[in-house]
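Enquirer: Chain by chain, the residues:
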Amino acid sequence: GAGVSQSPSNKVTEKGKDVELRCDPISGHTALYWYRQSLGQGLEFLIYFQGNSAPDKSGLPSDRFSAERTGGSVSTLTIQRTQQEDSAVYLCASSLERQYYGYTFGSGTRLTVV
Amino acid sequence: SQQGEEDPQALSIQEGENATMNCSYKTSINNLQWYRQNSGRGLVHLILIRSNEREKHSGRLRVTLDTSKKSSSLLITASRAADTASYFCATVPGGTSGSRLTFGEGTQLTVNP
Chain A
19 GAGVSQSPSN KVTEKGKDVE LRCDPISGHT ALYWYRQSLG QGLEFLIYFQ
69 GNSAPDKSGL PSDRFSAERT GGSVSTLTIQ RTQQEDSAVY LCASSLERQY
119 YGYTFGSGTR LTVV
Chain B
-2 SQQGEEDPQA LSIQEGENAT MNCSYKTSIN NLQWYRQNSG RGLVHLILIR
48 SNEREKHSGR LRVTLDTSKK SSSLLITASR AADTASYFCA TVPGGTSGSR
98 LTFGEGTQLT VNP
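First to last, the protein sequences are chains A and B.
Going by the numbering used here, the first residue of the first sequence is number 19, and it counts up by one from there.
Going by the numbering used here, the first residue of the second sequence is number -2, and it counts up by one from there.
What the hints contain is simulated information worked out from the structure, not anything from laboratory work.
It should be emphasised that the depicted structure is a prediction, and the values quoted were computed from it without experimental measurement.
Any given hint might turn out to be false.
As the list claims (entries may be wrong) - Part of the chain B face toward chain A, derived, beta carbon under 8 Å:
1. L45
2. F85
3. R97
4. T99
5. E102
Said to hold, decoys possible - One-sided and incomplete, this derived list gives chain B residues near chain A with beta-carbon spacing under 8 Å:
6. Q30
7. R38
8. G39
9. L40
10. H42
11. L98
12. F100
13. G101
14. G103
To be verified - Covered stretches of chain A, going by a simulated chain B footprint (3 or more residues, C-beta under 8 Å):
15. 58 to 66
16. 119 to 127
Every residue gets a Cβ at the ideal spot worked out from N, C-alpha and C, and that includes glycine.
Isolated chain B, as found in the complex:
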């Protein structure tokens, strides 16, 4: 089963609005990462947050992590039509369970001009 589960599955907003996507996971993690995918091909790494961090920023992106609730959120501020894509969260397990990423099913974001 997928470790990360994104919510909502699909999100449609107007340009200029903020978009918030949530991710929940089941087991302990070393870090959590967010990726963007355009047109069903290669994924682009957006941001990584470690288990001992609570918030990170990168440009218009803000990621939060709540390890007590096993959840994370990705906020995209002042969205643009070019932000239209699928967004995936992915987790690296804690301890010595290896470093492979486990991906969720993704959120399809549509930003309407």
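Isolated chain A (complex conformation):
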């Protein structure tokens, strides 16, 4: 597609439930990133995929968070046993190649844990 697509755009879930957030990057973009943003804050890095290399998971806040990228394209971020502090906007971005290109962001998924 023309841009990075994220779904759902909004998700309300009960504390303790698992959620899956999906990201469809721009076709041909080899790098894919997940960030989250709490209200009024900057972006917090979560995980980074680059081609067939092992992902950089260093930003995942706990073992309840995991992500995969299938076939070098679509990515799914899974949060298990959600907590209220997980409430945030989760943003996905993709880029052509490392370092010298800007990221294209999706519109994000607003997650609310009640």
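Fit chain B to the known structure of chain A by using the hints.
Expert: Below, chain B without anything else, positioned relative to chain A:
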């Protein structure tokens, strides 16, 4: 901790005036990028400046980079109400530290008609 720190945190100006936002960072960089965010959702890439560049222009945007001071500035000339948004600087580390962007906390710009 955030690599980039924007200054000021909030800026309110009148339409037609220029807006200047500053960004400081701590470690060596490969490049620095500026993004705009409307309504707390997706970010839009504005401009990228490499570590060996000192100034870049794009339309009404002018970005400078001073690697000796580890700082950058974003100037928006002849501002419009539609420029109202949050602006973030983000850095890509130098060397082989990977290419992920580290974002600052952002500057909230309000342009009053």
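Enquirer: Does each hint fit the structure? Answer for all of them.
Expert: Structure-based check of all given hints:
no.	hint	in the structure
1	L45	holds (5 Å)
2	F85	holds (7 Å)
3	R97	holds (5 Å)
4	T99	holds (7 Å)
5	E102	holds (4 Å)
6	Q30	holds (6 Å)
7	R38	holds (5 Å)
8	G39	holds (4 Å)
9	L40	holds (5 Å)
10	H42	holds (3 Å)
11	L98	holds (6 Å)
12	F100	holds (4 Å)
13	G101	holds (6 Å)
14	G103	holds (6 Å)
15	58 to 66	holds (count 5)
16	119 to 127	holds (count 8)
Of the numbered hints listed earlier, not one is contradicted by the structure.
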